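All residue numbers in the sequence shown are consecutive under the numbering used here, ending with 504.
Don't read these hints as lab results, they were simulated from the structure.
None of these values were measured; they are calculated from a predicted model.
For each residue, glycine too, the CB sits at the ideal point set by N, CA and C.
One should not assume that every hint holds.
The calculated lysine-lysine pairs, modelled on DSBU-like cross-linking and capped at a C-alpha distance of 30 Å, are [said to hold, decoys possible]:
{"id": "1", "residue 1": "Lys383", "residue 2": "Lys420"}
{"id": "2", "residue 1": "Lys263", "residue 2": "Lys361"}
{"id": "3", "residue 1": "Lys499", "residue 2": "Lys286"}
{"id": "4", "residue 1": "Lys269", "residue 2": "Lys346"}
If you anchor each label on the Cβ, the simulated ranges turn out as follows [claimed, not checked]:
{"id": "5", "residue 1": "Leu302", "residue 2": "Arg487", "range": "20 to 26 Å"}
{"id": "6", "residue 1": "Ser241", "residue 2": "Asp85", "range": "21 to 27 Å"}
{"id": "7", "residue 1": "Lys361", "residue 2": "Ser62", "range": "43 to 49 Å"}
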Amino acid sequence: MKKYISAHKIFSVIFLLPITLFATCFRDSLKVFQPNAIARTISVVSAFSDTLSKAHLSHDALRLMDFIGDSLEDFNFRKIYRSDWLQNDQHGFRSVTIEGEHRDGGYHISVSHRDLTGVNLSRAFNSAVIWSLKENPVSVVKDAHSFPARVNLRLATEHLNHANILSFLGQLLLVIEPSNLEKLQPGMTHYFSAQPSALSDAAAADFPHLIGFLDRLTTVLSLLKIRQFQGKYFTELHFVARLKEDHFHKAYPHLFRWLGDLGELVKLHISLYDEKGRHLLGLAADPEQKEIQLHLLTAKGKLIPRDHAGNPLYSAGFALAALKEKKVRLDVKVQANISGLKLDTGWMNFSGQYRNLGQEGNLKFTFDQAPAMKFYGRFYKVLPVWLIDVVIPSNIEQLMKDFISVMQQGHEGRGTSVGLQFLRKSSGMHYLDGQIETEILDNHFIRIALKIWNRRMRPKQKAVEELRTMFFDISQELLKDLRRL
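All chains should be built: construct the whole structure from the sequences, respecting the hints.
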């Protein structure tokens, strides 16, 4: 007996065949912002570009920013709290608001004392930030004085929300899916390094202006590998990007000089784990080497946890876009250098939870615990740690322990937390609410040490202007590509 294939099956095969032959590319990731994905993306990037290039600070805003910068450089929260800039609010704090608004052909930054309900959310990147302080003469540390502090943010994001941002990131993971990488066959451009890469070439095919601009400033030392474990393929992304010093110095000399100074002062390491302690991704920033690193595993568009041997745990993988609720742990380690006196915080733990509630999404991290911090080296390369301990009533490790205890247990028991919440207005405009809460110990030695560190960390005005110029340049190159699409 002959077996016949129905007409609709033949049609399905013919219709689906071209789809299976084409690879998912970077521009496909923008489709998650439908309808009118390209136009809406252009609108947001244009608003970001205007925010950078057309920012105008009022006279009061300039004075306030200088005052806050100088006070934070000295780590003098008492000075900020008692200043005339702050006014009593309904929550028992003293606060001040900095507002940013697109109007009259520019982006105007001004000072007020309004709450977040008065923020104009008519255009992306309209914003308000409220700085709040309270004086606490009776801290959780005996005989100590501290300041509960709170920062509230409201930022208009237009069509961007928690759901489509995670969907966008999930689409990027699909691009580096092993089966998709085999389909990518762009022309060789040798961007970022001497070694050809289908991934960077595919990115250049979709966004030639942006990738060409970034290539002039950075080198990608390693990217990704297709690997196999238990008979299944997965992608290991190990992204290491380093500045091309000659080119970057020529384009942004003051910013380059500040990054060079920063390299001696601080290094940052971040690791993200799922609720069972399985590693999800790693991120590191090393200003001394002028590089950043990102490490993760992925397969079939999912983020894959790995075991202690670095092997993928396929069954624990998850698609970002499908998340409704997820508990995670964030570990952060900071290595700092305060004029020769070096600090290693060890891995500080933050518990986090993400919730997708449809029109609303929120993410919150709470500071849980920190190990005993280690000090070593010589202050100004002269005074060893033990001699500083003799001069100071309590040893440095105990001072830092007290400082961390206040951060963990202060603020009426809430400790330190960082929260983000996406919401939507009836007009369809999405906005992001952010909140940082903590309590800061007022201690003379910590204030001196951080004053020295902050003075070296704080960028000069020309470096800040060049940082703004760099992001403006990046946004302009991206706009060229988006308009071409």
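Hints, verified against the model:
1. Our distance criterion of 30 Å between C-alpha atoms is met by Lys383 and Lys420, whose separation comes to about 24 Å.
2. For the hint pairing Lys263 with Lys361, the CA-to-CA distance comes to about 28 Å; that is within 30 Å, so the pair holds.
3. For a cut-off of 30 Å, the pair hint linking Lys499 to Lys286 is broken: about 35 Å separates their Cα positions.
4. For the hint linking Lys269 to Lys346, the alpha-carbon distance of about 44 Å lies beyond 30 Å, and the restraint is violated.
5. With their beta carbons about 24 Å apart, Leu302 and Arg487 fall inside the hinted range of 20 to 26 Å.
6. Checking the proposed 21 to 27 Å range against Ser241 and Asp85 shows it is violated: the Cβ atoms sit about 42 Å from each other.
7. Remark: the range hint 43 to 49 Å for Lys361 to Ser62 is upheld by a beta-carbon distance near 47 Å.
Violated hints, listed in ascending order, are 3, 4, 6; each of the other numbered hints is respected by the structure.
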